[in-house]
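Use these hints to put chain B onto chain A, whose structure you have.
Here the protein sequences line up with chains A and B, keeping their order.
According to my numbering, the stretch in the first sequence is residues 1 to 448, in order.
According to my numbering, the stretch in the second sequence is residues 449 to 733, in order.
Hint data in this document are derived by calculation from the structure and do not stem from the laboratory.
Source: prediction; values computed, not measured.
Just so it is clear, CB atoms sit at the ideal spot from N, CA and C, and this is done for glycine as well.
Be careful, since some hints might not be right.
If you want a taste of the chain B side facing chain A, the calculated C-beta under 8 Å gives, among others [stated by the list, open to error]:
{"hint": "1", "residue": "Thr461"}
{"hint": "2", "residue": "Asn501"}
{"hint": "3", "residue": "Gly503"}
{"hint": "4", "residue": "Ser590"}
{"hint": "5", "residue": "Leu594"}
{"hint": "6", "residue": "Ile595"}
{"hint": "7", "residue": "Thr597"}
{"hint": "8", "residue": "Asn680"}
{"hint": "9", "residue": "Gln689"}
{"hint": "10", "residue": "Asp697"}
The chain contents come next:
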Amino acid sequence: MSLRTRASLAATAAVTLVLALSACAAPGDAQPSAASGPITLTFWHEMTGPAATELDALVSQFNEREAGAITVEASYQGSYADAQTKYTAAVQSGSTPDVLMMNDTSTGFLLDSKKTVPLSSFTDADPSFSADSFPPIVRSYYDDGSGGLAAMPFSVSQPVLYVDRALATHAGLNPDTPPTTLAEISSWAEKIHAVTGAYGFSMNMADSWMLEEMSAAGGELFCTPDNGRGSDRATGLQLTSPTQVGFMTTLQKLFLDGTALNPGTDNSAMVSAFATGKVGLMLTSSGAYTTADPQKTASKVAAFPRTSNSADAGVVIGGNALWISGDGHSSAQQSAAYAFVSFLHSADVQAAWANATGYLASHTGAGATAIGAQMLADPNAEAMADQLANTPATTASAGCRTGALPALRPTVIGAFTKVVEGADVTDTMRDAENQAAQQITAYNQAAG
Amino acid sequence: MALAPAAPRRRTTLGRRVRSTLLAAWLVAAVVVVCFPLYYILEGALTPTEWLNQGLAGLVPVHLTLDNIIRATQVIPLGQQFANSVVVTLCQTLLQVTIGIASAYALVFCGLKHTRALFLVLLSSIMVPAETTLIANYLTVSSWHLIDTLPAVFLPFAASALSIFLFRQAFLSFPGELRDAALLDGAGHLRFIRSMLLPVVRPTLISVTLVSATAAWNGFFWPLLVTNSPENRTVQVGIAQLSNVEATDVGVVLAGAALVTLPVLLVVLLAQRFLADGLTAGALK
Chain A
1 MSLRTRASLA ATAAVTLVLA LSACAAPGDA QPSAASGPIT LTFWHEMTGP AATELDALVS
61 QFNEREAGAI TVEASYQGSY ADAQTKYTAA VQSGSTPDVL MMNDTSTGFL LDSKKTVPLS
121 SFTDADPSFS ADSFPPIVRS YYDDGSGGLA AMPFSVSQPV LYVDRALATH AGLNPDTPPT
181 TLAEISSWAE KIHAVTGAYG FSMNMADSWM LEEMSAAGGE LFCTPDNGRG SDRATGLQLT
241 SPTQVGFMTT LQKLFLDGTA LNPGTDNSAM VSAFATGKVG LMLTSSGAYT TADPQKTASK
301 VAAFPRTSNS ADAGVVIGGN ALWISGDGHS SAQQSAAYAF VSFLHSADVQ AAWANATGYL
361 ASHTGAGATA IGAQMLADPN AEAMADQLAN TPATTASAGC RTGALPALRP TVIGAFTKVV
421 EGADVTDTMR DAENQAAQQI TAYNQAAG
Chain B
449 MALAPAAPRR RTTLGRRVRS TLLAAWLVAA VVVVCFPLYY ILEGALTPTE WLNQGLAGLV
509 PVHLTLDNII RATQVIPLGQ QFANSVVVTL CQTLLQVTIG IASAYALVFC GLKHTRALFL
569 VLLSSIMVPA ETTLIANYLT VSSWHLIDTL PAVFLPFAAS ALSIFLFRQA FLSFPGELRD
629 AALLDGAGHL RFIRSMLLPV VRPTLISVTL VSATAAWNGF FWPLLVTNSP ENRTVQVGIA
689 QLSNVEATDV GVVLAGAALV TLPVLLVVLL AQRFLADGLT AGALK
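Just chain A, with the same shape it has in the complex (with noise of 0.2 Å):
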């Protein structure tokens, strides 16, 4: 080879190594922005199909509405686990959004993150902010454990029973007096099976969501102590109290007896065969609404029931809410961050999204604007936005809180899955709780 070349080749390796070796430097840190001027604020939210048109359209009110002021930058990032994935590594490079649209499930994941300021730090210094706008169950959910909210909720969903009005009449029964413990649907369920051979019942299995609530519903803790809100973090599930296994028990028999519909992870077949007339009861989220009864009148949506007499009785809520980043973003990206969730709480806009996406309104004052009132004409939406107003804000309503809830759900849901098939109730979930209890503690190992 000619000096030349050589001399060219060495250079262009060295060019190279150099440039390789630039990515080894340290990430600059994010300057905060001037505290005067116009500020833009980014948003990532997890919003699809016409949730997110109907965002969309929620940002452009508020960008209008601030005139330059403040501009908001929304911005799909895929499912939950997705937008939790690249917020880790958002924190990493410093590069963390202003406002974080998080599901409920990973409340515990966010808090332990500490990259986030509680909302109470805004609503203290805000006389404008009133608790009371709150239903209680949703203000007991997001309580970050001194009296105040850790996020703004946002949406806010529960699991509610839907009757198939055609295959109950059929089955002699009265969808009008539908039932209200869990016993009742059993049998409800049988009668219908046997009179019309649709399947009498179904529920959500994609994950262990329904046993979390059903556990609720009868004033069960899901985690231990305390269903991980008081001082101390969760360090264990449970799965085998009376009630538990009662109510595991009693849909064990519904399955193998073929009375009802086993989805697996599928929950829009579920719908869709609900929506088609080919199952008569069905326990699953209100936002399913919308897909399960498109016409608003083949249905008749109830609370959900009871699975004992408790008085902590009271389901869990689902949905998401709105966390304001703060390392990175300085005071007043922060306050315009808090203007911004505040005009999403707002009665009018909370109105305007549950009509188009099927959530309920988090704002109690959302049934009395001018939508909201339409929307409570129909007696389904009636019924949901009561169930949300009355449920009670006990521990056990209030949900389990634990960063490893994620993590926890699909070895729940497996174990249940082999109850139904026929497997111990109590051995079967009490191994799935040993499990449990491994992974809370790794994860309370690697959280700190």
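The following block gives chain B in isolation, referenced to the frame of chain A:
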């Protein structure tokens, strides 16, 4: 005497007919199983959701409409994202093929020492799962200030160890006599690659291009991670925003899926022709 030979001939013909009928039936079943999902996507993209929710009745293509496709383009800037996907696929494929050929050429034809060790190091990089390097790669790209740009989507995949591997294997089977003849004639590296090497390894070239292009087109999580604005995203990320877990508009989702599947299908069908030709083109006379 004439009866005996006639009987076996009839049995053989009958047996052959039965066999070919069974074979045909099996092939038809296989074609139906393979093609049905594709048919469902294309038919569903053009049928209103209400019909698709009816179950089997929705499979008959009688209510064709472009409404689903129009609605899909309203939720996301589909045209721009389509263009982004094309750019990313072209750049990534070009880079992977070029670097693959160059690296494999260096490993095989340049008389270097320790090529075996180098090659094993390259190969071991395939065994590292993508999830482990995800956040580290994100931090690297972020420190280059390339977040939310199109190059960030394909630059980390500029070199593919799989392409290098496939080209190396193909080059190893290149006849040494031709190489010697080219050197004697005074052909430089590029001349040799262009005129002699690539025509002989054309099947490998087409296969590697196909594999790289399909992988580049189907990439989802990395583009989601490094881009934020809808205008910079690829079409795979875009259509993910169409499907909602609870309120599924099946028609719109299938419209998105169809728009994303068709280009790959066309490319593969086109490449098949070249692939088949290439198998006979490289024969040593």
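Checked against the structure, which of the hints given earlier come out wrong?
-> 1, 5, 7 and 8
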